[in-house]
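Participant: Sequence:
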Amino acid sequence: MTFGKNKRKHILSIVFYFIFSFVFSQAKIKKKSLSAILVEVSNTSPYTFSYLDRDIRDVEIPIPLPDQKEILVLLEYFQKHCNLEFKVLPNNIIAVYLQDAKSIVKCGIVTNINGNPIEAVVNGNDFRKTTDGRGEFNFVATEEKETIVISAPGYITKRFLAKQFTSNTCKPIILQTVSLDLEEVVVTNYLIKGIFKNSDGSISLDYSDFGILPGLTEPDLLQTLQSLPGITSANETISDLNIRGGTRDQNLILWDGIKMYQFSHFFGLISTFNPYLTSNVRVYKNGTDASYGDGVSSVIEMNTSNEVQHTFTASAGLNLISTDIYVDTPISKNSSVQIAFRRSINDFVETPTYTQFFDKAFQDTEVVDMNNSDIDFSFRDASIRGLFKIGKKDMLKVNGILMGNNLLFQENSMEDNNNTSKQSSISQNNYALGLSHIRDWTPDWKSEIFIYGSSYLLESNNSDVINNQTLIQRNDVLETGVKSILNRTVSNKINAKIGYQFNETGIANLRRIDNPGFIASEKDVLRTHSGFTEVSFNSLNKKTMLNAGLRINYITKLDKTYVEPRISYQQKLNKHFTFELLGELKSQTTTQIIDFQNDFLGVENRRWVLADDTSDNPLEIIPVVTSQQISSGLQYQNRSFLIQTDFYYKNVNGILARSQGFLNQYEFANDTGAYNVKGMDFLVTKKIKDFNTWIGYSYAQNDYEFTTLEDSNFKNNIDIRHQINIAAAYSTRKLAVSAGLTWRTGIPSTLPRFDTDTSITDSITYEFPNSDRLEDYVRMDISATYKFRWSDKLRSMVGLSVWNTFSRNNITNRYYRLSSDNQITEIEEEGLGFTPNLVFRIIF
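Going by the numbering used here, 970 is the number at position 248 of the sequence shown; the sequence numbering is gapless.
The hints are simulated quantities; they were obtained by calculation from the structure and are not laboratory data.
Careful: at least some of the hints might be erroneous.
[Stated by the list, open to error] Taking CB as the label site, the calculated pair distances span:
#, residue 1, residue 2, range
1, Ile1047, Val871, 21 to 27 angstroms
2, Leu1124, Trp1163, 30 to 36 angstroms
3, Gln801, Thr766, 33 to 39 angstroms
4, Glu762, Ile1446, 45 to 51 angstroms
5, Gln898, Val1500, 38 to 44 angstroms
6, Ile1194, Tyr1153, 56 to 62 angstroms
7, Leu1232, Ile1112, 53 to 59 angstroms
[What the hints assert, rightly or not] Here are the simulated lysine to any residue pairs, SDA-like style, with alpha carbons at most 25 angstroms apart:
#, residue 1, residue 2
8, Lys754, Phe771
9, Lys1400, His1444
10, Lys1114, Asn847
11, Lys1408, Leu1463
12, Lys1219, Ala1270
13, Lys1245, Thr1394
14, Lys809, Gly837
15, Lys1055, Ala1270
16, Lys1409, Asp1479
17, Lys1411, Phe1369
18, Lys752, Pro786
Here a beta-carbon is modelled for each residue, glycine too, at the ideal position from N, C-alpha and C.
Starting from the given sequences, assemble the full structure and let the hints guide the process.
Facilitator: Next up, the structure:
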């Protein structure tokens, strides 16, 4: 058969028409992945879908019409367009599985011991899920013997067989924290979620499940502590934590057992410890465990988790000061590695927050001299932790951390129309490495041996362009140590431990001038042997708890022995009232002194020195610092309502006048003495559903007693008589908001006598030391965070905080100097002004 030319054209036209129509109609039907559609339905309805990723990974279906909103209509539509079954189960769970598969949908709900939901990761053979805001999860099990692993940061990982779950009800799963001995916790949610009061009087902070505090979008480990009664910072820095009237060098700060000599960035404003690597913090203000030496004022112990991670987790964050990344990944079935890194971002952009921090950190120093230029500042820290489980009884833990602050700038001078420039700099670095081996010999015997090294270096190069002179200063600390502990569970009421610790601490100080040539160098080493033992009794009814410990330190060079008993006793009087008694004797061989206020460019003018009483010159003697403290208190707790009072007396001997930072008639005095503190800490907290509110009040009378000063008794530089913290926090699974007010009396200051003729004396004559006070300190802070999900494996958090919301001009220090024409000039140091911060974090 043949066709004419016109007929062939007609037939071809018809064929092309049908092809075009088919292609066009297909183009109009837009398709989308089923997984994405299910996520959208979950976000806009009360239903959640449970499926194996492999079953729907490559499935695409036409996008449902907007009027297809009823869930049964949607399920019928889904089933029509793919080879899958959709089954509605209890708790609004919809199972999705292949039509020919023998799958069973199972459900669980994860909470902590308080019944609060936990954001946990659930892993099976072919899936990885994250619990929802109610702590619930579901999964499709194809094998009843399939192992289901449930883990969360800071909690002990649990494993189940799929057959232990049912499809009718959600299996309740309670995870226990790794960081806390649950039987020792007497108050949970002490201020907010994640803060615990322990029966030995210490406070624990669990950062794996932490709430929100005013002014902080992310938990700064040392800034957080200032929310607790009895802990403050007179100059608004975390490097100067004043705990019950003590100075910063009297705080023993440990990171996984390693003593840290540097613990701040921005020369005092930001904690160097990454909260995403640090699992928990424990703070002792009194009644310290006998295994700890040093720290006559407090012990702050930070620990990473001891639980091997079985799944990969990571997060990255950015705020207006720094950026960071955190990774926790398994490297084998019985080992995992955590890595964290953080760095300042001012190399790329100088935010208003950075400007506020910079002005606070470097005010009244050579750095901000008007003749300086090309200022370059940065900070960074990096941490690593490795866990290796060897068999069923042994665990090996390796930790490393490094941190640093670096500042460079040009000092300029114009002479004879020629511009002369020299570089000045200051750097502050700390490196530490620790190795511990933990062995469970039997259920009743456990041992740990720990070896560590810590290095600190503060170095400055100060160029004087006009005098063609360079001053180099160094403060170098190197400490190594070994510690072994043997724990014995004697009975279900009694635990005991015994241990030994050896420390070798070397400190070197250098001061060198090139024109004229001058060098002063000194180096000292101390070796300390310590033995300790402690017995803990906890009655079966949990009403009586007693820790009695003894520590003996022998310092070889000084040939001195210090015997230090420790005690913490708690008695539950009835259902609501608990009595507490704490006491301790402690000693420490390291302290910080100030030779000149402009040392190290005036930025970090304190340097570490070792105790040394071997000199024949009384002015060169540096005594061992010792302390005695006793406190007692009463606690009332009724469900979510808590009232707590603590009364204490604290005496610290062997302090140096050069350690106090005097800026009055005793600025250059060289004397030893003591300070005595009589104080009270008071706290009221109340939790109402999602709200936490608290009021904290501290009273302290802090007085000096010096040996040879003309005025031997006067107020301590950090005598803060009254302080009140009032705050509230609202927290749900996604949204958290907090606001707080801090008020305290101003610190003491010394006024000059303006009626004296300074041109004759060429110096300032002062009134009685610390007889005046600064104005009251008042600050309002707010913060808020919001968490949201992109998918089961990808989550995010955004946050906003404002420090000093009303921009009050708080004076943190005031002193006086003579000008070039011998006039008295008043100098004031100010706290942070209105300081906002934004944070964005992604977790995957």
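Participant: Are the hints correct? Go through all of them and say.
Facilitator: Each hint, compared with the structure:
no., hint, verdict
1, Ile1047 x Val871: 21 to 27 angstroms, "holds, 25 angstroms"
2, Leu1124 x Trp1163: 30 to 36 angstroms, "holds, 35 angstroms"
3, Gln801 x Thr766: 33 to 39 angstroms, "violated, 20 angstroms"
4, Glu762 x Ile1446: 45 to 51 angstroms, "holds, 49 angstroms"
5, Gln898 x Val1500: 38 to 44 angstroms, "holds, 42 angstroms"
6, Ile1194 x Tyr1153: 56 to 62 angstroms, "violated, 21 angstroms"
7, Leu1232 x Ile1112: 53 to 59 angstroms, "violated, 44 angstroms"
8, Lys754 x Phe771, "holds, 17 angstroms"
9, Lys1400 x His1444, "holds, 12 angstroms"
10, Lys1114 x Asn847, "holds, 24 angstroms"
11, Lys1408 x Leu1463, "holds, 17 angstroms"
12, Lys1219 x Ala1270, "holds, 11 angstroms"
13, Lys1245 x Thr1394, "holds, 21 angstroms"
14, Lys809 x Gly837, "violated, 30 angstroms"
15, Lys1055 x Ala1270, "violated, 40 angstroms"
16, Lys1409 x Asp1479, "violated, 61 angstroms"
17, Lys1411 x Phe1369, "violated, 31 angstroms"
18, Lys752 x Pro786, "holds, 10 angstroms"
Going down the numbered hints, you'll see the structure goes against 3, 6, 7, 14, 15, 16 and 17, while the others check out.
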